[in-house]
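Fit chains B, C and D to the given chain A structure using the hints.
In the order they appear, the protein sequences are chains A, B, C and D.
The first sequence begins at 1 in the numbering used here and counts up by one.
The second sequence begins at 1 in the numbering used here and counts up by one.
The third sequence begins at 1 in the numbering used here and counts up by one.
The fourth sequence begins at 1 in the numbering used here and counts up by one.
Treat the hints with caution; some may be incorrect.
[What the hints assert, rightly or not] In silico BS3-like links for lysine-lysine, alpha-carbon gap of 27 Å or less:
#: 1; chain 1: C; residue 1: Lys-601; chain 2: C; residue 2: Lys-590
#: 2; chain 1: C; residue 1: Lys-112; chain 2: A; residue 2: Lys-359
#: 3; chain 1: C; residue 1: Lys-377; chain 2: C; residue 2: Lys-530
#: 4; chain 1: B; residue 1: Lys-25; chain 2: D; residue 2: Lys-86
#: 5; chain 1: C; residue 1: Lys-112; chain 2: A; residue 2: Lys-443
#: 6; chain 1: C; residue 1: Lys-563; chain 2: A; residue 2: Lys-428
These are calculated hints, taken from the structure and not from any lab test.
A quick note: this is a predicted structure, and the numbers were derived from the prediction, not measured.
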Amino acid sequence: MENILSILVFFPAVAGLLGFVVDKKSARAYGITVAAIEFLLSLWLWFSFDSANAGMQFVEMIPLIPDFGVSYYLGVDGISLFIVIMATLMTLIGMMSMSIKENVKNMIVTLLFLEMTMVGVFVALDAIIFYLFWELSLVPMLYIVGAWGGPLRVYAAIKFFLYTFAGSLIMLVGLLFMAYVYHNLTGVWSFAITDWYAMVLPVNYQLWLFAAFFIGFAIKVPMFPFHTWLPYAHGQAPTIGSVILAAVLLKMGTYGFVRFSLPMFPDASVMAITPIAFISIIMIIYTAMVAYAQKDIKQVIAYSSVSHMGIIMLGLFAMNAEGISGSVFQMLAHGIVSGALFMLVGMIYDRMHTKEMSKFGGIAAVMPKYAVIFGIMTMASVGLPLTMGFVGEFLVLLGFYEISPIMTILAGTSIILGAVYMLSVLKKTFFGPITNEAVKKLKDLTPLETWSLVPLVLIVIWLGVYPKPVLEPIDNSVKAMLTFMHEKAITPEAKEIIKVPQTIMEVK
Amino acid sequence: MYETIAFYLFSALTIGLFLITVMSKNVLYAMTSLAAGMVLISGFFFILGADFLGVVQLIVYVGAIMALYSFAMMFFDATRDIKERNTNSALVFALGGLSALVLVLMFAAPIYSENIKALYPMHESIGNAQDVGIVLFTKYLVPFEVAAVMLLVAMIAGIILAGKKMDQSLTEDLSADDEILTTKDAK
Amino acid sequence: MMETLVYIALFAPFAGSLFAALFGMGKRQVFVGIVASALLFISFVASVMLAIYVVKTGTPIHVMMMEWINAGDIRIPFGFVVDQVSVTMMVVVTLVSTVVHIYSIGYMDHDKSFNRFFSYLSAFVFSMLVLVMSDNFLGLFIGWEGVGVCSWLLVGFWYHKPDQPREVNPSISPSWAANEAFIMNRIADLGMLIGIFIIYWNTGTLQYDEVFAQLPYLPQWILDAAAIALFIGAMGKSAQFPLHTWLTDAMEGPTPVSALIHAATMVTAGVFLVIRANPLFAMTPEVSFFIAALGTFVAFFAASMALVNRDLKRIIAFSTLSQLGYMFAAAGLGAYWIALFHLAAHAFFKALLFLGAGNVMHAMHDELDIFKMGGLKKVMKWTYLYMGIASLALAGIPPFAGFFSKDAIIETAFNEGTYVLWIILVVTAGMTAFYSFRQVFLTFWGDERYKQYGIHPHEMYKFVLVAMSPLAVLAIIAGFFQPWFHEFITTLLPDYEMSHHTHELILVLTAIVLAFAVGGIALAYKMYAKGLKRDPKVENSFIYRLLANQYYIPQLYEEMISKPYAMISEALWQKVDLKIVDATVDTIAKFFYYTGDGVRKMQTGNLSNYLNWMAVGGVALLVVAALSAVIG
Amino acid sequence: MIGLEHYLIVSAILFSIGLVGVLRRRNLLMLFFATEVMLNAVNIAFAAISHYYNDLTGQMFAFFIIAIAASEVAVGLGILIVLYKKYGSLDLDDLASMKG
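Okay, chain A solo, but in the shape it has when bound (with noise of 0.2 Å):
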């Protein structure tokens, strides 16, 4: 299997192809068997993959266009490993739990599409075949929030692609730029990253490219004040969009972060870091608090999302170890989180056909088993030990309080904010006494919404007790770039603060 990447990349865009010809009836098996392959495959990929390599694994490089260096080129390391599973994993759970009646079949072959996109986004190592899938991955969404979306779709639909579409416009003159100057410096060209990195740039390039790259990351991420789109296209997306959109296409803009932006400039990012956690601080408290403002279960989760990418920004421009590391668990972490979170808001819609806070109460005593999970996602939500989300957030945050003790204690604010609108949704919605007659009609999860749930419950709490397998190999890539970083900064406070880790300096 050694195109297991391409395979993994392509693999559901063709069954999605053939997913045109398969009966109406089946089409969802269909999408599930092919979800659970693919799933598994990209266990496989785990199960393959070599921990204790730090580089880039399973490379596949076959040239596209030579004269331009335009390849494709392909390979993991430990930082896009676990993302890509995530992409899977929650692809196949939002199937199993999907609650579409209509055009079953149409949204099988586009969630298929999507995943081959989200796959793909994750494993390019040459930015041209990176741009490829990033761009690409705005049309299934597009489709997804603007057919099956609710009754303001088309509005959030053209929001969310314009909106995103017109930042990865400014990310491609930044990656053509970059381009540009590797053919100046080197006399050929490429757009392969790895040979990017090599590449040391002058400061006030790297500070150019670095605001070229930022405009198109943070406007996926969502930055603040680039997060509009994210609650409008959240409150019409069907659940399926939702848990994809704040699972997998969010984290696409702090891969790129880790991918791009810190290991190229170096110095641009250490300079970045101050404005970056501002906004990142802004992020936090300022969504926590509107997430308190909210009426509708679902946009307290959709600005709860753009909270917590708040702490992930925060913990990737830690510039140590612990920071980085921390922030991509914390990817997995809020994909999972969220993802399930969505889910659950989802379940509830489909049978109360209403998001309003107001209309619930009191669900905890005819949903024992619904509020059960949901109470172990909230406390994963909000940073309890022991759960998945508290190791993220925990490094995240020990991570930056080397960079500034203040701004630590700004950004630690979210671990009350978030209990505050967390527990504000439990208790308007599961707590009190009943006072919707509707709800006491409700019946508890059935079998399939309770099976693709308890995985994911299983996963937030096994890795929140055992996260080692996840975090060593993410923790050796992180070492290595930072590593790899400090070596290549230029201005001398670049290199103070830029920090390799000691394990490293004990190996060499």
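Frame of chain A; chains B, C and D shown alone:
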């Protein structure tokens, strides 16, 4: 010396004739002056030593194209003055004048092109027609063939387009007139 | 062998919790409670065996279960240490928990969520054990948050109750109180986390022994900062001012929960943290003095609110607050072993007091207003006896446990020369005696006021009363173990001895404290033993209302924090997010849309116009080309 | 002596005349005439450059331009006839069917 006189003479005449073409309300005048201008332009070509081009200009433009125009005019009512709504002419002339001015300024400025090297230099020993022929059928063979195909396509296209309902005269057949009138009424 | 015992002690409650959780959604099964209690008893036995081992050998047991977080340079294992301090806590926690578990079988008899209750309760014990046994700060934090969540679950156990106005129910509703407790604790937890960060970045580790070994090499301000941050964490869990309001509201939970969590174990976690990190606090005298001063203040402050309260459980909750203040005063003054001793003694008699209150509640059909009780000693003899013992211990009457521990704290205050603290603590001792006996007299003595409310009280089940007996015995005799405990614990904790001067005055000092205590009881007897006499003039006085309304602090928080927070949140969403941030984006989009819409008019369909525009463009390009040629 | 500039200037003037015609006229046939003027103006420039740089490329281009002009007229007049049959007019103002 003759060259100078010829140049100024031809210049003055072509400018005048083309002005008539552009300004005249009568299609017949316009076409006639255009044809005359074309002849004079071939004169320029002869002065410039592009004999073959001059001949082609005469044959194609003055011969073929003008003939086409004159045949075409038979379809339209050429004797009537054209009624046009030539508004905002100030803008038109300003634009024309401006473009002329800019172009003239650009061309009048000294041209720094000493380093331009002739790709296909002319040979004084052999005639222009032969020279052109050699280049045309070697270096420009493919474009030439393409141009030939294009002309063929254009010819067929012209026949097909103009040939629809050719059996119905636009001026004599009453049914055709009716057709025209109904479409006009419809507007 | 000893390692196995450690795991048994730690995981038996966890197993109990999982077992109960299996039946969590089912109907009431008595065996669930029995199994959970039995598992806890096993844990208790294991703890006692470990204690004996530690007493005998004097060497701590250290086990490393597995790695937890390894990232960058940080290495955090699940490691557990059983030394003198943690074994003391383990024995106290498991003992009280076992009693409370057995008690709950009776108390929660009629509750349909019986199984769920045991699941939560055992999970709490597990978290508490993790908290006390961990060998590093982050492990402590796991337990710290774990007990927080269990407390949240248990306070909000009767989640179906509706919200009520503050005048009707000061805690509003169980779910409200639970959220308040969780969020207030989270505020403190942030401080704790920051403390952990400070420690990590300055010592490179979070293991207790390694951290403490490095402390002498750190600059003073870092020590101060770490001590302050950790103490903020302790303030939340131990409900010190200004984060104290959640504790009384947490009385919304079932009474066994109040006994176990909000009296005996969880709230003492803050004291435990200070004791655990004593090398750090010993090196930061200013912070330590602040702790002592705050503790003293809270002791007085809470006691003052207990003086006039009418709610049986709230009075005990205030007394818990007050006693926590005593513990902090001792710890802050450097008498760590005394603080730990008071912690243990307090756990016994306060749990007993709460369980007694639970009996009364059970008998009175969940009525908590002591003004509606009275004369209960006839029907509830045993409960009266237990609560009497506990109150005597709380009031510090010899030979009960509270006398030895509390008196030692007051002496410490005198010994340190902090006479102001000493005076306050002595006065508070008098107040403590007064409010405890005010409650005892109003509940058990005097006229039988409950009759007019049509309540028929009855004594609790026998097995429950038997289960409570160990606590009663300990509340009586625990004080006599003081010298022995002193010897045992000071092998780990720094010793604290009274100075010669204090030693000479010890009888006088004890006499003063006793005088205040007896005086308080006598005053209570005079005022309440003959029945309730209400004086509207007193009840309408400013001070009375101030105390009855908890100095209006909950209202203040509501008005100054909760409501503005909600208002700002709403404004941020409606005004900023929708009207500014999103509107800006939409304006940009609209700019393009309307530009396109406006330019659409150029599309006249008239070729001539198009040609004109084309020419304009062409000429413009020409001009640009010409100009750039000229300039360039 | 006549130089390249002279020819280019004449070419420019003729081109501008053609441009004025294109902009000014509304009759499609007259537009065609004006276009021819512009094409011829360019041809003069090509021939002149060819002459003064002693390079045949210019003449080649002029040659192709003539070919294109011929096919343009052939197709264009065909379209004009169809238009005239359909609308009975060649005036652009009458043909504004593509209003946006």
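_Restraint status (C-alpha distance of Lys-377/C to Lys-530/C at most 27 Å)_ = Holds, because 13 Å separates the two Cα atoms, which is no more than 27 Å.
_For a C-alpha distance cap of 27 Å, please report whether Lys-563/C and Lys-428/A respect it._
holds (17 Å)
*Within a Cα-Cα threshold of 27 Å, do Lys-601/C and Lys-590/C meet the stated pairing?*
holds (17 Å)
*asked:* Need the status of pair Lys-112/C, Lys-359/A: alpha-carbon distance at most 27 Å?
replied: Answer holds: Lys-112/C to Lys-359/A is near 26 Å, not above 27 Å.
*Holds or violated: Lys-112/C with Lys-443/A, Cα cutoff 27 Å?*
holds (19 Å)
*Take the C-alpha atoms of Lys-25/B and Lys-86/D, compute the straight-line distance between them, and say whether it is at most 27 Å.*
holds (23 Å)
Of the numbered hints listed earlier, not one is contradicted by the structure.
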